[in-house]
Amino acid sequence: MAERVERPVLDVSRLPTVGFGTHSITWWGIMGMMAIEGTVFVLMIASYFYLHSRNSEWPPHRNPPDLLWGTVNLGLFLVSVIPNEWYRRRARKGDLRAVQIGLVLLSLFGIGNVVVRYFELWHLNTDWSIDAYGSAVWTLMGLHVLHLVTDLVDTIVLTILFFTSLVEGKRFQDAEENAAYWYFVVAFWIPIYLVIYWAPRWLHA
Amino acid sequence: MILVHVPGFPGNQTSLNPVGPGAERIEGEFALIFWITAIVYCLVLIALVVYVLRRRHSLNIMPEPMPTTPQSDRWAKVAVSGAMVVTVLLLFIMMIGSFVTGHALGNMNRETAYTIDVYGHQWWWEVHYPNDEPDKTVVTANEIHVPLGVPLRIHGTSRDVIHSFWAPNVQGKRDLMPGYETDVMMQIDQPGRWRGQCAEYCGEQHAHMSFYMVAEPGPQFQQWLSQQAASSVPPSTPQAVRGQQVFLGHACVMCHTVRGTPAGSRVGPDLTHVASRSTIAAGLLPNTIGNLGGWILNAQSIKPGCRMPPNHMTGSELQDLLAYLETLK
Amino acid sequence: MITTTAIESTAELTEQERAQAARLDAVWSEPRGFWGWFKAVHHTTIGKRYAVTAFIFFLLAGLLAGGMRLQLAFPEAHVLSNDLYNQFFTMHGSTMMFLFAVPMMFEALSVYFVPLMVGTRNIAFPRLNAYSYYLYLFGGLMFYIAFLCNTGADRGWFSYVPLAGPDYGPGKRPDFWAQLITFTEVSGLAVAVETIVTVFKLRAPGMSLNRIPIFVWGQVVVAFMVIFSLPGVVLSSTMLLLDRTCNTQLFNPAVGGDVLLYQHLFWWFGHPEVYIIFIPGTAVISTIVTTFCRRHAFGYLVLVLSLVATGFMAFGLWVHHMFATGIPQIAESYFTAASMMIAIPTGAQIFCWIATMATGKVVLKTPMWWALGFFFTFIMGGMTGIFVASVPVDLQIHDTYFVVAHFHYVLIGGAVFPLFGAISYWFPKVTGRMLSETLGQITFWLFFVGFNITFFPMHLVGIRGMPRRVYTYPPNMGWTTLNQIESLGYVLLFIAVCVFLANVSRSLKTGSLAGPNPWKAGTLEWATTSPPPHYNFLHLPTVNGREALWDAAPNQPVVIGLDEDARSFLTTRTLDAEPEGRDEFPRPSIWPFLAAIATSIAFIGSIFTPWGITIGAIPVAITMIGWFWPERQPAERRRAREIWQSE
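Chains as they are written, first to last, in our numbering: chain C, 7 to 211; chain L, -16 to 312; chain H, 2 to 648.
Here chain C stands alone, though its shape is the one from the complex:
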């Protein structure tokens, strides 16, 4: 067997080190997380409807959740898409100032969403321990609260980071991915909002 082999080389030293979307490893990781959490949401929504099919009255002996605060939150989420998309695109260009502004705005929106969510929870018109309906509503809500709060913490930490001298290409990748995850939180609020607030009204009729 030949001891030494002369080999041609594949020189990769000019390849980019900062890439976005499918070029970024962490982007794929975030997509994986969305697949996982999305499946959890879908199964929880399915569980809600399964329990509904086992109950003749839904909600049993009480009003469905008040529409006001949930719809306010829906509005807030939808409006937040504008700065979210804006700073996401600027992140791909490495625009530091835009990303800083965008992250601060999204942090404020997030805080607003959490505050409104607090009011939502007290206007669900049900306790979680009375029956399966109450438990299903609170569990579904609870899952979204979990995602909202963890994403807000992520966003705030990233915002702080963007005001330090530690910013580099990788952090702009993080910014784009943070925007993508916020889309996920918003996107899943739409069906969950419809299920919690409108399904009992529509199915009742």
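Worth double-checking, as some hints may not be accurate.
As the list claims (entries may be wrong) - Below, computed lysine to any residue pairings styled on SDA-like, alpha-carbon distance capped at 25 Å:
1. LYS40/H to LEU172/C
2. LYS40/H to ILE626/H
3. LYS362/H to LEU26/L
4. LYS362/H to MET45/L
5. LYS99/C to PRO635/H
6. LYS60/L to LYS362/H
7. LYS362/H to ARG37/L
8. LYS99/C to ILE644/H
9. LYS521/H to SER55/L
10. LYS521/H to GLU12/C
11. LYS99/C to ALA636/H
12. LYS366/H to TYR34/L
13. LYS366/H to MET49/L
14. LYS366/H to LEU28/L
Hints were generated in silico from the structure; no laboratory data involved.
Chain C is already provided as a structure; the job is to place chains L and H on it using the hints.
For chains L and H alone, kept in the frame of chain C given last:
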């Protein structure tokens, strides 16, 4: 089935000794699948062994990897494709067989079926024979008499956790679940005492939750039924009278009913005709004086975790009590 | 052009190579010392930890099985009380399924071998990998410490409600079970994401989709299955915990809850779970058959499509675990059909493997014996699977020992046999030494015979009416002799495992040196030393065919140009593996360990109080922030050399 004829094969509590149309149809599908899969298994493994022996390389060093030739791969493609076609065909046959069997089971006569209600408990079976006339309703436990050759509907649910009602000689199993009422149709064509057992893990004494389906010809069954419907006969001997006092004065009345006495609790099995049953403790013990006495004194030592507490009484109290219980035929 | 030393040559490395190895070593070596152990982030280190830990759990679960077989050797025996037996069978099943089978077949094998087989230096998200291992370890420890404190789970490995619910499952036993799920499911999901990203983005140039080793395809399919199935048990176990600790009523039929909701959610996970365990077994068989028949596996496309088809179809079968609940006939028919049809892709694989043997040169070394054992055992289990797929037949054999026989044949046949094959195949790569062939074959035959003696009679005793999960049985049922035979078979299995352990411990010290490629195999893990250095490959490879080493061109190019003062790696395009970019793996760090501690405190705390999660979230947040917070010097270095992707 061949397995039935293995020596020592008792024939009770087995799906291979069907005594009614339900288990019989299932056994047919079982046999179909058995023969097809057994033959396929043997053929595939024989092919494997043959090829390994034929292509075996016996030197101790790893030979260089072979280049793959289109010729050998071509016949391999044909062989694999052929094997796939046969596989799909055989699967379809077994699947159709399954559908046909399931359909037949689903069509067992429902309208004229004789209904018996079964309630699963940890770890015994509450049995009701409903009747339009309330004074003819029968409540018993663990021993289910049925008329021979008549379609039966077991209507079941659970009073606590999930259990499963399974008498393999008769029919496939059905889970009894709280929040669900279920109907399973069956019929027994051979007289006898056919053993069943709970088939869904239900806690500490799942292993000791058995029942018997006792199939009797119509007139015999009716006689049993009317005897069970009757209230208990008041005790006549002095010992039995004392025994009834023991019964009414101890914790027994907290859980057990004896119709004709003030004892009316539904927590545990109805004892109005306990002496007519051949086993106690859900099929665990033969119903003898000795076993009954041991059970009453300390059920926990026989069936640890069951819901019956130990009962303290003197030896003579126990004898009196047993004499009374013997009268509850 | 550069001069490289052929991988299997006995010559010394060239001077340039030695210098390069030293530079790589300086950057990639794992941290030393006591705290160094907790900072490790290399996939081979973590992979070995997964394998050793999972094997220890296998041994523990095996000992529990011994206790069960002793109790069942005699009717109405008093070896184990009913309470202890119920804990034993629950612990045995839960350990095997959650602490052994998936962590070994998926996590250990994937973490150790996938990065090597695709030709990169580490697994994607190395710190997440470390974190996932610690969570797995802590979850397992929690579960067993509870068992030793008489709080072992005792409601079955599936823990149905209402038996495991607040009304009928007093104490904390089901809570520890439910949190075991939480620990192991986070761990599994993390490794699933890492596996997919590694295979999608980190493959060697030239390893297009049609050149990915079948082993890697198998693990990718499993990773996707993990992502979509584990949420089912996440939900069912969380709902169980909520009902038990927070007074929700999701499973309480008295107020609108439903006991079957639990079963649907659990089996949505539970059925794919068994394929998650089995598919890596088939991936191993493809690998072993290829190497020991000295030819490319026959039917690459069919094999890959079968893996994918099995992965998809596995999600359409779950109700076959619920046939006895009285579901509508039309649903029953669909699930029977689907459960039978999944035999088709599995059958395709079997026929392709036999075709490979029939057209190759079969070398009967220990790994190949285990592969042959797989055929005898797994196919038997597959046949009995058809019995349980048929609703009417299932209604007789469900929840009897027939089913116990079926799933032990498919799981031990489909995973444990391939696992022993994988161990004997890859032990030389991981340790640098060969196992003893003689002891290996003795192990195989003892195990094969012992397995069949233990489990074959279970088919018979099941159709003779013996239900599952019973701590004892009456005499005169016709079950006693069969149970005694089964218990004797266990002794052979026990001896087999002892022989195996002796083989391993002896070979670690005195086994013959393996060299880089003792089996003359074709995949990339054999293109480096045994054991691999912490940078995996001296020269990152490029690939010319499905079996990288067999199909390599005489002058197959190697990759140069990655930074040598950092943990640099190459990313390639998903479909055709053309080089795309460069990135950097993080360095060893204590944060994953600290985050795992914080997470464990939150998870375990929540068993005792609902505030465990909310208050416990704070240390978790702190450790996660510490984990992600960038280090100054590496950030400045990277910023200086950044090249942005052109839009």
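Now the hints, each set against the structure:
A threshold of 25 Å between alpha carbons decides the hint, and for LYS40/H with LEU172/C the separation of about 23 Å falls inside it, so the pair holds. About 17 Å separates the Cα atoms of LYS40/H and ILE626/H, which keeps this hinted pair within 25 Å; it holds. The straight-line distance between the Cα atoms of LYS362/H and LEU26/L is roughly 22 Å, inside the 25 Å bound, and the hint therefore holds. Distance restraint check for LYS362/H and MET45/L: the Cα-Cα separation of roughly 10 Å lies within the 25 Å cut-off, and the hinted pair is therefore satisfied.
For the hint linking LYS99/C to PRO635/H, the alpha-carbon distance of about 22 Å falls within 25 Å, and the restraint holds. A C-alpha spacing of about 18 Å is found between LYS60/L and LYS362/H, which places the hinted pair at or below 25 Å, so the restraint holds. Restraint check for LYS362/H and ARG37/L: the C-alpha separation of about 9 Å stays at or below 25 Å, so the hint holds. A distance of roughly 12 Å separates the Cα atoms of LYS99/C and ILE644/H; the hinted pair therefore holds under the 25 Å criterion.
At most 25 Å may separate the alpha-carbon atoms for a hinted pair to count; LYS521/H and SER55/L meet this at roughly 23 Å. Among the hinted pairs, LYS521/H with GLU12/C is consistent with the structure: their alpha-carbon atoms are about 22 Å apart, no more than 25 Å. With a C-alpha separation of about 19 Å, the suggested pair LYS99/C and ALA636/H falls inside the 25 Å cut-off, and the hint holds. Taken as a hint, the LYS366/H and TYR34/L pair is honoured in the structure, with Cα atoms around 16 Å apart against an allowance of 25 Å.
A distance of roughly 18 Å separates the Cα atoms of LYS366/H and MET49/L; the hinted pair therefore holds under the 25 Å criterion. Taking the CA atoms of LYS366/H and LEU28/L, the gap is about 19 Å. The hint holds against a cut of 25 Å.
Checked against the numbered hints listed earlier, the structure breaks none of them; every hint is satisfied.
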